[in-house]
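Enquirer: Whole structure, please, built from the sequences with the hints as guidance.
Chains A and B supply the protein sequences, listed in that same order.
Going by the working numbering, the first sequence wraps up at 221, each residue one higher than the last.
Going by the working numbering, the second sequence wraps up at 1065, each residue one higher than the last.
Rather than coming from a laboratory, the hints here were simulated on the basis of the structure.
One or more of the hints may lead you astray.
What the hints assert, rightly or not - Straight-line distance between alpha carbons at most 25 angstroms, and here's what the computed DSS-like set of lysine-lysine pairs gives:
id: 1; chain 1: B; residue 1: K1053; chain 2: B; residue 2: K1037
id: 2; chain 1: B; residue 1: K1006; chain 2: B; residue 2: K1037
id: 3; chain 1: B; residue 1: K1006; chain 2: A; residue 2: K48
id: 4; chain 1: B; residue 1: K1053; chain 2: B; residue 2: K1006
id: 5; chain 1: A; residue 1: K48; chain 2: B; residue 2: K1053
id: 6; chain 1: A; residue 1: K90; chain 2: B; residue 2: K1053
id: 7; chain 1: B; residue 1: K1006; chain 2: A; residue 2: K92
id: 8; chain 1: A; residue 1: K90; chain 2: B; residue 2: K1037
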Amino acid sequence: MMAMNKSEGAEQREVSMVGTVLRVLGGSLGTLFCAGATAGLVASMTRKGEFPALGLTITVGFALLAILGSWYVVNTLMQGRNQNEVVGPKVKRSRAMMVLSGVIGGAIGLVLVIGQIQIDRTAPPSALANGPIPMWTAIFLIVVILTLVPWLTWQWHRSVDEHESEAYRDGTVAGIYAYSALSICWWLGWRGGLFVAPDGMAIFFATYAVWSVVWLWRRYR
Amino acid sequence: MNNRLKVLRAERNWSQADLALRLDVSRQAVNAVETGKHDPSLPLAFRIARLFKLSIEEIFHDGHE
Chain A
1 MMAMNKSEGA EQREVSMVGT VLRVLGGSLG TLFCAGATAG LVASMTRKGE
51 FPALGLTITV GFALLAILGS WYVVNTLMQG RNQNEVVGPK VKRSRAMMVL
101 SGVIGGAIGL VLVIGQIQID RTAPPSALAN GPIPMWTAIF LIVVILTLVP
151 WLTWQWHRSV DEHESEAYRD GTVAGIYAYS ALSICWWLGW RGGLFVAPDG
201 MAIFFATYAV WSVVWLWRRY R
Chain B
1001 MNNRLKVLRA ERNWSQADLA LRLDVSRQAV NAVETGKHDP SLPLAFRIAR
1051 LFKLSIEEIF HDGHE
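Expert: So this is what it looks like as structure tokens:
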């Protein structure tokens, strides 16, 4: 009887988990679509230098839908977690810090896109472009990255458990080795006429990718 | 390092998430300790021992006995 109840419970959790994953996927796709439509409309109106009432209304509508979609995805994730797993205060705090980091990362990307549009209205909006941005946007982002991000990182390190901390350390070591190898090889290849000049952001993202993959692999393996 | 965590947990009918909640670590941490992929620090080993009211040696052993 106990085994049957356990099996039923596991099955219900599985069904609930599948539903949560589907809702999160659907919500994320809808949110991405609405955010993309908002960015596209803003870029188009800025490029033309015209802001008609109808265009603004539709843009605000898409922006509101994107915000609602984000709220829906976060809410579904929180509900799913509450149903399936109750966590301790430190784990809850470390997860909240991760969500906050994602929100800050998204906000930094948005500020970068807006800054880029202010300088060059013709270029496609991208947070990863190498084009110029206004000086005050750069100063604001530098201050955020040097103050808010270290504080958040410190709080996160204080709340993670030792397994996560070890996984993060392994990811960091792999990242620094990847950085050393990639930056030196690219620089040598450039000097030998094999490659284009080293791109700092490309090296940063490659390092970040190695670091994240190893971190997540060590955490969830 | 080998351990009896899974057995001790099963005796109390606790899931990994239940044990993680009691230790205030993530479920992944409990799984990693249980499967020997992560050796717990002394403070965590003491917390585990206190929770099960056993000594550390009664839960963890290095296979040299």
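Enquirer: Does each hint hold? Answer for all of them.
Expert: Status of each hint after checking the structure:
no. : hint                : result
1   : B:K1053 <-> B:K1037 : 24 angstroms, holds
2   : B:K1006 <-> B:K1037 : 14 angstroms, holds
3   : B:K1006 <-> A:K48   : 65 angstroms, violated
4   : B:K1053 <-> B:K1006 : 15 angstroms, holds
5   : A:K48 <-> B:K1053   : 72 angstroms, violated
6   : A:K90 <-> B:K1053   : 23 angstroms, holds
7   : B:K1006 <-> A:K92   : 24 angstroms, holds
8   : A:K90 <-> B:K1037   : 22 angstroms, holds
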